[in-house]
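> One letter stands for each residue in the lines below.
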Amino acid sequence: MKNLVKEERQKINMTQQELADIIGVSRQSIFAIETGKYVPSAILVLKIAQLFKRKVEDIFMLEMED
Amino acid sequence: MRTMFLLPNQFKKWGAVLGPLGLIVWILGQIGFFDSVLLPDITEMYYPYWPKVALLGVSFFSFFFGVYFMVFVKEKVEDEFIDKLRLLSFQRSALFQLLFMILAFVWMIVFGQEPAGDAGLMLFLIFLIGLFWLFYIIHFNVSLYIMRKSANEEFS
Numbered sequence: 000m001k002n003l004v005k006e007e008r009q010k011i012n013m014t015q016q017e018l019a020d021i022i023g024v025s026r027q028s029i030f031a032i033e034t035g036k037y038v039p040s041a042i043l044v045l046k047i048a049q050l051f052k053r054k055v056e057d058i059f060m061l062e063m064e065d
Numbered sequence: 000m001r002t003m004f005l006l007p008n009q010f011k012k013w014g015a016v017l018g019p020l021g022l023i024v025w026i027l028g029q030i031g032f033f034d035s036v037l038l039p040d041i042t043e044m045y046y047p048y049w050p051k052v053a054l055l056g057v058s059f060f061s062f063f064f065g066v067y068f069m070v071f072v073k074e075k076v077e078d079e080f081i082d083k084l085r086l087l088s089f090q091r092s093a094l095f096q097l098l099f100m101i102l103a104f105v106w107m108i109v110f111g112q113e114p115a116g117d118a119g120l121m122l123f124l125i126f127l128i129g130l131f132w133l134f135y136i137i138h139f140n141v142s143l144y145i146m147r148k149s150a151n152e153e154f155s
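Going down the list, the sequences are from chains C and H. Going letter by letter, the first sequence gives residues 0 to 65 in numbering that gives the first Met the number 0. Going letter by letter, the second sequence gives residues 0 to 155 in numbering that gives the first Met the number 0.
Isolated chain C, as found in the complex (with noise of 0.2 Å):
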């Protein structure tokens, strides 16, 4: 699954450890999601996709091999 976490953070000017307060997990954690080395759980793909105001959809994506 890929996303756009990165790009929706960087568009409103949030660093990795600004969003990884807000959503209450650390910064290694929100590296991880961002690089694709871990695919977050529906709760905390809600609380990302609240923060950015956006649809989950929009901001998480599936791929041919999922």
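If you are wondering where the hints come from, they were derived from the structure by calculation, not from laboratory data. Since the model is a prediction, treat every value here as computed from it, not as a measurement. Backbone N, C-alpha and C define an ideal beta-carbon position, used for all residues, glycine too.
Simulated DEER-style distance windows between Cβ atoms:
1. Lys36/C / Ile101/H: 25 to 35 Å
2. Met60/C / Pro7/H: 31 to 41 Å
3. Ser40/C / Gly116/H: 43 to 53 Å
4. Ile128/H / Ala41/C: 30 to 40 Å
5. Val141/H / Leu3/C: 24 to 34 Å
6. Lys52/C / Ser142/H: 32 to 42 Å
7. Val141/H / Val55/C: 28 to 38 Å
8. Lys36/C / Ile125/H: 31 to 41 Å
9. Leu55/H / Leu45/C: 51 to 61 Å
Straight-line Cα separation of at most 20 Å, PhoX-like style, residue types lysine-lysine; simulated pairs:
10. Lys5/C / Lys36/C
11. Lys36/C / Lys148/H
12. Lys1/C / Lys46/C
13. Lys46/C / Lys83/H
For this one, chain C is given, so just place chain H on it according to the hints.
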């Protein structure tokens, strides 16, 4: 998945000190490194053996609790990514232990080098349990370190 029964983060430092220190003292005690101090006169029939037993007991339980503190301790930020990393480390440790056990038994059968008696077999099985926790601690902490390092490189 939420990992349960985790101790507060400050226990990690205690574990990092107690675990290795306990193991080193226990090994040194077992090979008789402290015998000249703890067993001053072994020519007597009933020499005082309890200081050595006490040292071995204290060092072994220090090691035991040190490992417990290092394994079952919360990270500063305990989130689902850490949970996943913890689960992955448990799975790989179990797999590593199983492979090691199979290879060790194959080695024993092929080369005819079995542990000496029940005590030897028991020591081997205890070693297998220790190996599981050791691999878990190394895997979990190295994975976390690599992830933190990568995140910091990206950040800078």
